[in-house]
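The listed protein sequences derive, respectively, from chains A and C. Per our numbering, the first sequence runs over residues 1027 to 1284. Per our numbering, the second sequence runs over residues 3 to 211.
Think of the hints as simulated: they come from the structure by calculation, not from any bench. Glycine included, each C-beta is placed from N, C-alpha and C at the ideal position. Do not take every clue at face value.
Straight-line Cα separation of at most 30 Å, DSSO-like style, residue types lysine-lysine; simulated pairs [as the list claims (entries may be wrong)]:
#, chain 1, residue 1, chain 2, residue 2
1, A, Lys1117, C, Lys63
2, A, Lys1148, C, Lys62
3, A, Lys1113, C, Lys63
4, A, Lys1257, A, Lys1031
5, C, Lys62, A, Lys1113
6, C, Lys32, A, Lys1060
7, A, Lys1284, A, Lys1257
8, A, Lys1148, C, Lys5
9, C, Lys32, A, Lys1031
10, A, Lys1179, A, Lys1148
11, C, Lys160, C, Lys150
12, C, Lys5, A, Lys1113
13, C, Lys32, A, Lys1179
14, A, Lys1140, C, Lys5
15, A, Lys1140, A, Lys1117
16, C, Lys5, A, Lys1117
17, A, Lys1113, A, Lys1060
18, A, Lys1140, C, Lys62
19, A, Lys1117, A, Lys1148
20, A, Lys1148, C, Lys63
21, A, Lys1179, C, Lys62
22, A, Lys1117, C, Lys62
23, C, Lys150, A, Lys1140
24, C, Lys62, C, Lys32
25, A, Lys1284, C, Lys32
Quick look at which bits of chain A chain C covers, simulated, 3 or more residues with Cβ under 8 Å [unchecked claim]:
#, stretch
26, 1190-1197
27, 1218-1226
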Amino acid sequence: MGLIKPGLIATFLLELAFGVAIVVLISRARTGRKVPAIRKVAGLDALDEAIGRATEMGATVHFSPGIGDVSNAQTLAAFAILTHVAKMCAKYDTRLIQTNRNNVVYSITEEVVKQAYVDSGKADAFNPDDVRFISEDQFGYASGVCGIMNREKVRANILIGAFWAESLIFAEVGAQVGSIQIAGTANTHQIPFFIAACDYALLGEEIYAASAYLSREPVLIGCLIAQDWGKMIGVILILVGAISVTAGSTWLNTLLNK
Amino acid sequence: MRKELPLAITFVVGLIVVLANFLAPQTFVKINNEVRTWFQLVSSLFCALGVANLTRIHGKKVSQQSEGWIFSVIMFIAMFGFMITALSVGQQSALYNNLYNNTIVPLNATMYSILMFYIASAAYRAFRVRSMEATLLLIAAAIVMLGKAPIGEVVLGKWVATWTNWILAVPNTAGMRGIQLGATLGGIAMALRVLLGIERAHFGGVGGE
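Construct the complete structure from the given sequences, taking the supplied hints into account.
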């Protein structure tokens, strides 16, 4: 019996190669080599605009990291953006209400927001009551957030993470109360709702690029380059596979299923 | 140690989970199953944190009789009522099931049903002839909506269903797969950054160190 499970050898090798590429590019970035610029991501640029707008109106910023649990990569990406949003809100003395559906995520976001306020020199301004656990039930969470958006004068609504059916509920209620909305998810079935209902939408991988984009750390940008390489290899495999299958050969399919 | 210990635990546990998915020897699978069980146990303890947060926030509202405090009272009755019922007669009991089926289920259905109206209002706001892309979106959406509704084919003919199926099967699927490819690679890269301790936002730090 081999070391790798049958049917997963190709996947394992591809993922290993991807991981090695990330490590190599991170090492290169750490040695001070120049890294390429990142293209403009309108949704991430708009974060400061949204918080500024809420500050001018004396209103509240709402942030939701989605309804995924802590093992979901989208929730982890949301933490990076939450750090930036919380620091901006601390800097401008803007109220930030951060809602959670998951208990474990709530305990992490409370720490993230608190640390952001401490890092901004505004530890006293942190209000633990503004980081809230609402409900583990999907629509219980949705109705709680809708109530908060209506009652608490939310004028900037930031929705980053794993969303399902409640995505359009959040986006529409946010539009009804007149919020500027920035949303992002990697759940492809919810992206159309965010595009239709929100002012700015981050599509799929753009939420994972947020930490690199907002901090401009060379090490994180190195990871983005590896992602781009991975995508290029994926496109090449798709093209080669499509051509070979059209020609009547399934060698690539057989190879990738080893 | 305050930073290094959580990073080390993250790396070791994450590595076990990744290797258990790929490696054939059952040792890793057994360790992974044990880790998952402990994760479920520990995360269930966090329920107490959520209950404490709800109690603190809504308790303050009730004690100060802030606006809408009566709804906080209702929340307490529901939360502790379900808790006490489950602990005393069990989650499989007829009483608990009746409570759940006659409150939570219709409430969830109500919230889900609101989506129908929100889809209409979102479509009304989004489908405008503002630019070339918005016009294309409007045309495609109109064709798909007519093709999916039985009346579309009756009034306009079979072509609308054919075009609907083509739009959904070709450009829509291609776009979604492209986004999915990028998102999957992004997710893998994010997971690797967390494993290697480069991404530290969940520890309250900034990545890249």
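30 Å Cα cutoff - pair Lys5/C, Lys1113/A: Holds - the C-alpha atoms of Lys1113/A and Lys5/C are around 20 Å apart, at most 30 Å.
Agreement of Lys62/C and Lys32/C with the hint, judged by alpha carbon distance not exceeding 30 Å: violated (46 Å)
30 Å limit on alpha-carbon distance, applied to hinted pair Lys160/C and Lys150/C: Holds, because 11 Å separates the two Cα atoms, which is no more than 30 Å.
Lys1284/A paired with Lys1257/A [C-alpha distance capped at 30 Å]: holds (21 Å)
30 Å Cα cutoff - pair Lys1117/A, Lys62/C: holds (27 Å)
Hint consistency between Lys62/C and Lys1113/A [alpha-carbon to alpha-carbon, up to 30 Å]: holds (27 Å)
30 Å Cα cutoff - pair Lys1113/A, Lys1060/A: holds (28 Å)
Stated coverage of the stretch 1190-1197 of chain A by chain C [criterion: 3+ residues, CB within 8 Å]: holds (count 5)
Proposed proximity, Lys62/C with Lys1140/A (alpha carbon, max 30 Å): holds (21 Å)
Satisfaction of hint between Lys5/C and Lys1140/A, Cα-Cα up to 30 Å: holds (16 Å)
30 Å Cα cutoff - pair Lys1284/A, Lys32/C: holds (24 Å)
Pair hint outcome, Lys1179/A versus Lys1148/A [Cα-Cα no greater than 30 Å]: This hinted pair holds, its Cα atoms lying about 23 Å apart.
Hints 6, 13, 23 and 24 from the earlier list are contradicted by this structure; the remaining hints agree with it.
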